[in-house]
Amino acid sequence: MLLRLIIALAIIVSLSGTVHARPVSYPGGWTFMQKSNGSYSSVHAHYSPTASDSIGAYIERNWQEDITFTGIQYNRLVKRWNGRKTQANFYAKVGVGQAQPFGKNGAQIAGFTELAMDWETRRWFTEYRIRATDYADNQSIHHSGRLGIAPYIGNYGDLHTWLMVQVENHPESNKPTTTTPLVRLFKGVQMLELGYTIEHKEWLANWIVRF
Amino acid sequence: MKSLKIIGSFASIIILSQPAYAQQNEMNHDGHNHSEMKHGQMNHDDHDHPEMDKEGMTDVSTAIGGPTIVATVNGLVCDFCAQALKKVFKKEEAVKALKVDLDAGEVRIFLKEGQMLSDAVVAKLIRKSGYSLVETKREGGA
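Protein chains in written order, with our numbering: chain A, 1 to 211; chain B, 1 to 142.
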């Protein structure tokens, strides 16, 4: 069943066209991001009035903390370094809204903030993030890093493939450090990531589209 | 719960990908300026030719030979960079078509006959897209 779903997804992505995981789009651009892994599932839709800002809605069902967060999120490209064959970015993100425990009434004001840095060429990709959340009395800080390599360099319009490893650290978790090998496929305005977190035996599936 | 999470995730991806696919097809077939297409150019081969414009501008192949600005740009590392440039430049009245060469880090800006685009405007539009201009060269009387 799962294999069929993965194959169906791969077909859809190859037929449709793609993006990068950047939280800010071009001026006037809309982005839809869906993420799901062993810790949480989230949906984020945002609009970029400039190439440095985006604002939108963010909803997260957090399986570890048993809450649903609903709020607005603002993303800021603080600094971009454009090199001849490289690009590096520094982003800041902040979200405010409410967190509601599963199956209970009594939503509370909640929020999060995140800093993210990446550096990439057409062959290599690196990223580091630190995220602090305050969800209904549950405060946490976690870090994640990624290293990726493109096994081939595609031309504009081709299907691009990245092989990546993501390492995350949740200090309060019983398994604080996790490793997720994943494959990133992107073409045109869409990007799909599929991975598997070894320690938790959980799948990761992220999808982003810009328009 | 695990299965539910995974299936829910995939289902949402599949459901939400449908309108995106429809939109992409619409852009591929309707985004071109048919009046400026040569006979036989508008066919299903456009899926296989990155030169064919998908952002609502004129087909690049019909613009070659006209006034052109070749801009060397820093930061071009992926398709999304190209798309950002196309989205920004297509709003410019003087621009007929755009071709991005990621390997060379170059953007070829094809101008409409009799139209001008100063280096300052080119630099501004590239900066607005999120990238930085290194230099420009002009061809065909641009």
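Rather than coming from a laboratory, the hints here were simulated on the basis of the structure. Glycine included, C-beta positions come from ideal geometry on N, C-alpha and C. Take these hints with a grain of salt, some might be off.
Stated by the list, open to error - From chain B, some residues computed to sit far from chain A (all C-beta separations above 10 Å):
{"id": "1", "residue": "Asn74"}
{"id": "2", "residue": "Ala82"}
{"id": "3", "residue": "Lys87"}
{"id": "4", "residue": "Glu93"}
{"id": "5", "residue": "Met116"}
{"id": "6", "residue": "Val121"}
As the list claims (entries may be wrong) - Calculated lysine-lysine pairs in the DSBU-like style (CA-CA distance at most 35 Å, straight line):
{"id": "7", "chain 1": "B", "residue 1": "Lys112", "chain 2": "A", "residue 2": "Lys93"}
{"id": "8", "chain 1": "A", "residue 1": "Lys201", "chain 2": "B", "residue 2": "Lys90"}
{"id": "9", "chain 1": "B", "residue 1": "Lys90", "chain 2": "A", "residue 2": "Lys93"}
{"id": "10", "chain 1": "A", "residue 1": "Lys85", "chain 2": "B", "residue 2": "Lys112"}
{"id": "11", "chain 1": "A", "residue 1": "Lys175", "chain 2": "A", "residue 2": "Lys93"}
{"id": "12", "chain 1": "B", "residue 1": "Lys90", "chain 2": "A", "residue 2": "Lys35"}
{"id": "13", "chain 1": "B", "residue 1": "Lys124", "chain 2": "A", "residue 2": "Lys85"}
Hint check results:
no.: 1; hint: Asn74; in the structure: 4 Å, violated
no.: 2; hint: Ala82; in the structure: 5 Å, violated
no.: 3; hint: Lys87; in the structure: 5 Å, violated
no.: 4; hint: Glu93; in the structure: 17 Å, holds
no.: 5; hint: Met116; in the structure: 23 Å, holds
no.: 6; hint: Val121; in the structure: 15 Å, holds
no.: 7; hint: B:Lys112 with A:Lys93; in the structure: 41 Å, violated
no.: 8; hint: A:Lys201 with B:Lys90; in the structure: 46 Å, violated
no.: 9; hint: B:Lys90 with A:Lys93; in the structure: 30 Å, holds
no.: 10; hint: A:Lys85 with B:Lys112; in the structure: 30 Å, holds
no.: 11; hint: A:Lys175 with A:Lys93; in the structure: 26 Å, holds
no.: 12; hint: B:Lys90 with A:Lys35; in the structure: 31 Å, holds
no.: 13; hint: B:Lys124 with A:Lys85; in the structure: 20 Å, holds
Violated hints for the displayed structure, listed by number in ascending order: 1, 2, 3, 7 and 8.
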